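*Asks:* Below, each chain spelled out in residue letters.
There are 2 protein chains.
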Amino acid sequence: MAKKLLVAQSGGPTPVINSALAGVLNAVNVSQAYDEVLGSINGIEGVIEGRFISMNKFRDARRLSLLKQTPSSYLGSCRKKLPADGQVYEDIFDIFKKNDICAFVYIGGNDSMDTVNKLSKYVEATGKDVCIIGVPKTIDNDLVLTDHTPGFGSAAKYITNSIRQLYLDTSVYDMKSIIVAEIMGRNAGWLTASASLANDEKIQPVDIICLPEVVFDEQKFLEKAQNVISSKDTTVIAVSEGICDACGNYISAVGAQDADEFCHAALGGAGKYVETLISKAFGVKTRSIEFSTLQRCSSETASLRDIEEAFEQGGYGVKLAKEGRSGVMAGITRLKGDEYSVEISAFDVGLVANKEKKLPGYMISSDGFGVTDEFVAYAKPLIHGQPHIIYNGGVMEFEVRNIK
Amino acid sequence: MAKKLLVAQSGGPTPVINSALAGVLNAVNVSQAYDEVLGSINGIEGVIEGRFISMNKFRDARRLSLLKQTPSSYLGSCRKKLPADGQVYEDIFDIFKKNDICAFVYIGGNDSMDTVNKLSKYVEATGKDVCIIGVPKTIDNDLVLTDHTPGFGSAAKYITNSIRQLYLDTSVYDMKSIIVAEIMGRNAGWLTASASLANDEKIQPVDIICLPEVVFDEQKFLEKAQNVISSKDTTVIAVSEGICDACGNYISAVGAQDADEFCHAALGGAGKYVETLISKAFGVKTRSIEFSTLQRCSSETASLRDIEEAFEQGGYGVKLAKEGRSGVMAGITRLKGDEYSVEISAFDVGLVANKEKKLPGYMISSDGFGVTDEFVAYAKPLIHGQPHIIYNGGVMEFEVRNIK
Chain A
1 MAKKLLVAQS
11 GGPTPVINSA
21 LAGVLNAVNV
31 SQAYDEVLGS
41 INGIEGVIEG
51 RFISMNKFRD
61 ARRLSLLKQT
71 PSSYLGSCRK
81 KLPADGQVYE
91 DIFDIFKKND
101 ICAFVYIGGN
111 DSMDTVNKLS
121 KYVEATGKDV
131 CIIGVPKTID
141 NDLVLTDHTP
151 GFGSAAKYIT
161 NSIRQLYLDT
171 SVYDMKSIIV
181 AEIMGRNAGW
191 LTASASLAND
201 EKIQPVDIIC
211 LPEVVFDEQK
221 FLEKAQNVIS
231 SKDTTVIAVS
241 EGICDACGNY
251 ISAVGAQDAD
261 EFCHAALGGA
271 GKYVETLISK
281 AFGVKTRSIE
291 FSTLQRCSSE
301 TASLRDIEEA
311 FEQGGYGVKL
321 AKEGRSGVMA
331 GITRLKGDEY
341 SVEISAFDVG
351 LVANKEKKLP
361 GYMISSDGFG
371 VTDEFVAYAK
381 PLIHGQPHII
391 YNGGVMEFEV
401 RNIK
Chain B
1 MAKKLLVAQS
11 GGPTPVINSA
21 LAGVLNAVNV
31 SQAYDEVLGS
41 INGIEGVIEG
51 RFISMNKFRD
61 ARRLSLLKQT
71 PSSYLGSCRK
81 KLPADGQVYE
91 DIFDIFKKND
101 ICAFVYIGGN
111 DSMDTVNKLS
121 KYVEATGKDV
131 CIIGVPKTID
141 NDLVLTDHTP
151 GFGSAAKYIT
161 NSIRQLYLDT
171 SVYDMKSIIV
181 AEIMGRNAGW
191 LTASASLAND
201 EKIQPVDIIC
211 LPEVVFDEQK
221 FLEKAQNVIS
231 SKDTTVIAVS
241 EGICDACGNY
251 ISAVGAQDAD
261 EFCHAALGGA
271 GKYVETLISK
281 AFGVKTRSIE
291 FSTLQRCSSE
301 TASLRDIEEA
311 FEQGGYGVKL
321 AKEGRSGVMA
331 GITRLKGDEY
341 SVEISAFDVG
351 LVANKEKKLP
361 GYMISSDGFG
371 VTDEFVAYAK
381 PLIHGQPHII
391 YNGGVMEFEV
401 RNIK
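Sequence order for the protein chains is A and B. Heads up: the first sequence at position 308 corresponds to 308 in the numbering used here, and the numbers run straight through without jumps. Heads up: the second sequence at position 157 corresponds to 157 in the numbering used here, and the numbers run straight through without jumps.
These are calculated hints, taken from the structure and not from any lab test. Careful, some of the hints might be misleading.
What the hints assert, rightly or not - Computed beta-carbon distance windows for the label pairs:
(1) A/Lys280 x B/Glu323: 49 to 57 Å
(2) B/Ser345 x A/His388: 47 to 55 Å
(3) A/Ser366 x B/Pro83: 46 to 54 Å
(4) B/Ile53 x A/Tyr391: 31 to 39 Å
(5) A/Lys355 x B/Ser65: 27 to 35 Å
(6) B/Ala377 x A/Tyr340: 44 to 52 Å
(7) B/Lys232 x A/Leu145: 35 to 43 Å
(8) B/Ser65 x A/Ser65: 53 to 61 Å
(9) A/Asn402 x B/Thr276: 29 to 37 Å
(10) A/Ser65 x B/Pro360: 53 to 61 Å
(11) B/Glu323 x A/Arg401: 56 to 64 Å
Computed from a predicted structure; not experimentally measured. Using N, Cα and C, we set each Cβ at its ideal position, and we do this for glycine too.
Work out the full structure, taking the sequences as your base and the hints as a guide.
*Replies:* Below, the structure is given as structure tokens:
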């Protein structure tokens, strides 16, 4: 009987979610532990409907290499959570059986790890012979236990360098000019905090960072802004999309009706809100920029370290499956020492699923509008290295399925 | 008596306006035709106030090389037009004399060429011994006579590849999803048209392009959109910030009071407007993205060809000054033949100043919502080549003046 591995992607795309996928494919190519890798289209939705494709084309090293640097989710994605129980589980394992699938690797964030957890609990309870493995993903960096998540370093590098460039651009005229940059991350400020990496000995674009972990107090904010604006002509204010007021309401949440199946309210507008606050209070030329989805799909600005770590964690997921493990997620532990170094190991996915890792207090500055050296020391190594992107006449090349 | 060349930058920044500046500096380094290069801070405003800095530091090849790839305007910028006549001219030439300036090179767009034209006419009328030279710049590509302008190729490459990445990102879920991308260009559709370069044999993200040269007819637009949306799940609609209705009013012009001294109304919102049109008409998930100033200050996505051509035109400006020319602008003529090749020569700046080159009819598709093969053949070569950007631990390096 054939032994096949099924792989799928889930949640918001990142610049390196295909690097993780490439790591899975490479590990199977090298180990030959499985006869074939199948890919499920649109995550667990595709699993339920048996929408699988063969991934054999990626036995070609050149194509695998191109996949590794292609942003966004080659296999498509979904935002679907499995119910606590129900017929769907039996259906899924029937499909696994019908397709000779003995391992399922799911690449996604904390909600996706919920799927991995539920499926693996079902395996424990029923004795099904399928290994269920999680491989992490998210630009928000909000998975617990693992030191940092694939996607975060690349998005942080995008934020860092975009802010530097925007700062140069907005500082050209002989006038005060403020930029408010709205950054993704939902309830966790990791990515917004990475704006601090934009500062170096030559230019210091960022003086104020509004984190979702800190209650947004308009009065305090305006006092802080006053100080900055009176001493500088140009500054970039980094604002998380997820900042909240004292009552816990998102600043300018846009439409609870847009909430997805993961029950995440659609966010947006915090930057615009802060822009209006500033221009009303100080009459200074202020412009808000919403980086939008560019911060999660920009590949020429990816961190090579992030790409390689995603690739390795994808490969590690296959190693775990080969060893017959289940209900675990590949993850990173940072090792002590002066040089950056990490080891990859397995984490109990039940301890990861549905949890959110926020920025810890010791990484937030005492006035709440910045970060500490501890954060910078943590984040700086993660944006290292430039990928060699393949272009054809100036147009970036990608590995893509047929998109309708 | 010393012989000095004064250089300045003006108008909206671009990813290669410093490449042009580097070309000027390099040509003086190499030719030694001038004892020193002075830079004026904030363009002609700085000239009037005598705010000059020495550019001697760029005799260092490494620093010059870094300047060449630094986006935005090292010398700052302005949006100031000189009056038709007045004391200011005498003041300017007094300052030139006091500083031993015998050549002034001004890097800017069509409004800036107005300054070059006026100053050179003053030289003609008064016999002042100063050569006044223009070097072109603009991402809008709207300068007449010259085949294309420094900045356009890089911005077009940014648009092309950002659209491709956004398309991948938005197509991951199993649902219809439309992106509306608002692109700069004011009244000229060159940059918006470059969205067409995002299409290749693997993916075709762009089906509709809304150009400012074509009256925006809501009815026709919705019919076109209907056709596309019924046959595809994902598309990126490219919309110029400068689209107008049949009466010539900008769609969603934001605040005539924000008009700058060049009398340009602040634009913005066309993308949002189209997003609303679509989601109301079709009930499809639609999201608008305003590329904003990122499209003109993104250096890792610059076109190497654009960088080199900007550099060469800057150098050519010095050559013209050395030859005692005045009232001319360096510009490009594309040569016939299968391979892309150009020559740089001098154009009468009086024929360039204040004029606007729009997309010609033969480059616009018959239904008005796209471009022809002629446009693609014109634009494709301009986005070739990748610069080697210098990073320090993932953070892009720049040459910058002290920015307050």
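*Asks:* Hints first: check each against the structure and report whether it holds.
*Replies:* Tested hints:
no. : hint                            : result
1   : A/Lys280 x B/Glu323: 49 to 57 Å : 54 Å, holds
2   : B/Ser345 x A/His388: 47 to 55 Å : 37 Å, violated
3   : A/Ser366 x B/Pro83: 46 to 54 Å  : 53 Å, holds
4   : B/Ile53 x A/Tyr391: 31 to 39 Å  : 37 Å, holds
5   : A/Lys355 x B/Ser65: 27 to 35 Å  : 48 Å, violated
6   : B/Ala377 x A/Tyr340: 44 to 52 Å : 48 Å, holds
7   : B/Lys232 x A/Leu145: 35 to 43 Å : 41 Å, holds
8   : B/Ser65 x A/Ser65: 53 to 61 Å   : 30 Å, violated
9   : A/Asn402 x B/Thr276: 29 to 37 Å : 31 Å, holds
10  : A/Ser65 x B/Pro360: 53 to 61 Å  : 41 Å, violated
11  : B/Glu323 x A/Arg401: 56 to 64 Å : 58 Å, holds
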